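Peer 1: Using the sequences plus the hints, can you model the full thing?
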Amino acid sequence: LSVYQDGVRVNEAFGDTVNWDLIPQNAISSIALMPGSNPLFGLNTLGGAVSVQTKSGEHNPGGGLQVSGGSWGRWAVEGEYGGKLDNGVSYFFAGNKFEENGWRDSSPSDVLQGFGKLGWSEEKTDVDISFTGADNELTGNGYQAESLIQSLGRESIYTKPDITKNKLAFVNAKVSHWLSDELLLTTNAYYRHNRTSSYNGDLNGDWLAPGDDEGVINQGHV
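If you read the sequence shown in my numbering, its first letter stands for residue 4, the second for the next number, and so on.
It is possible that some hints are incorrect.
Capping the alpha-carbon separation at 25 angstroms, the derived lysine-lysine pairs in BS3-like fashion look like this [as the list claims (entries may be wrong)]:
no., residue 1, residue 2
1, Lys127, Lys87
2, Lys177, Lys127
3, Lys170, Lys100
4, Lys168, Lys100
5, Lys177, Lys87
Have a look at the derived ranges for each label pair, beta carbon to beta carbon [said to hold, decoys possible]:
no., residue 1, residue 2, range
6, Gly39, Val80, 48 to 54 angstroms
7, Gly18, Arg77, 37 to 43 angstroms
8, Glu126, Met37, 27 to 33 angstroms
9, Ser154, Ser74, 32 to 38 angstroms
10, Ser54, Leu182, 18 to 24 angstroms
11, Ala35, Asn104, 18 to 24 angstroms
12, Asn104, Tyr146, 42 to 48 angstroms
13, Leu188, Pro42, 37 to 43 angstroms
14, Ser74, Leu188, 26 to 32 angstroms
Think of the hints as simulated: they come from the structure by calculation, not from any bench.
Predicted model, so just to flag it, every value in this text is computed and none were measured.
Idealized CB from N, CA, C, for every residue including glycine.
Peer 2: As structure tokens, then:
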């Protein structure tokens, strides 16, 4: 699937994966699925395309705040606020903070997301400039052997750590103009920089260090 956020493809360069932790959920206005292979949406669009449209102050005025908590040290705060001025300028801001210790041993995660959009519109023209930022640290420890689950419990892990960090800065400028009642012209100019790092201590018994005949447990850094 090819995934677009406000007209910008957000599949990552490595493996065409999509880091959904980089898109604040409370900033999403709608999601549309266009099934089928279509070269219009770029390379590797074999299963279809997903279009994610974000909120604006013009169409999503008002605000909201949500606070939640739960087991294993989980807590989250989500907020949003938007509106439109008399001169046609609109604004929308959203932010999320989420932390948890995880239900398994040594499995904490920390998510910080921010989104902002400034816009201006008249009868035929719509201009939006948005910023999406994120600074996340996610832990996804791998499978545990069934024999060890029976002795150590389902919260146990086999190796650690398995941490992925994502830092995103994404600026998108979008202009739409109705050329006629049936023809709409839209253009984008954007800058997107995502820095991803992964650190894990997975077991690889087939790897031998130089001069090592036994094989060792190694930690890898990408």
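Peer 1: Now, for every hint given, state plainly whether the structure supports it.
Peer 2: Hints versus structure:
1. Lys127 with Lys87: holds (17 angstroms)
2. Lys177 with Lys127: It holds: about 14 angstroms lies between the C-alpha atoms, which stays within 25 angstroms.
3. Lys170 with Lys100: holds (14 angstroms)
4. Lys168 with Lys100: Judged against 25 angstroms, a Cα distance of about 15 angstroms means the pair holds.
5. Lys177 with Lys87: holds (18 angstroms)
6. Gly39 with Val80: 48 to 54 angstroms: At 40 angstroms between Cβs, range violated.
7. Gly18 with Arg77: 37 to 43 angstroms: violated (29 angstroms)
8. Glu126 with Met37: 27 to 33 angstroms: holds (28 angstroms)
9. Ser154 with Ser74: 32 to 38 angstroms: violated (23 angstroms)
10. Ser54 with Leu182: 18 to 24 angstroms: holds (21 angstroms)
11. Ala35 with Asn104: 18 to 24 angstroms: This hint is violated: roughly 36 angstroms between Cβ atoms.
12. Asn104 with Tyr146: 42 to 48 angstroms: violated (20 angstroms)
13. Leu188 with Pro42: 37 to 43 angstroms: Because 21 angstroms falls outside the window, the suggested range is violated.
14. Ser74 with Leu188: 26 to 32 angstroms: violated (51 angstroms)
Checked against the numbered hints listed earlier, the structure breaks hints 6, 7, 9, 11, 12, 13 and 14; every other hint is satisfied.
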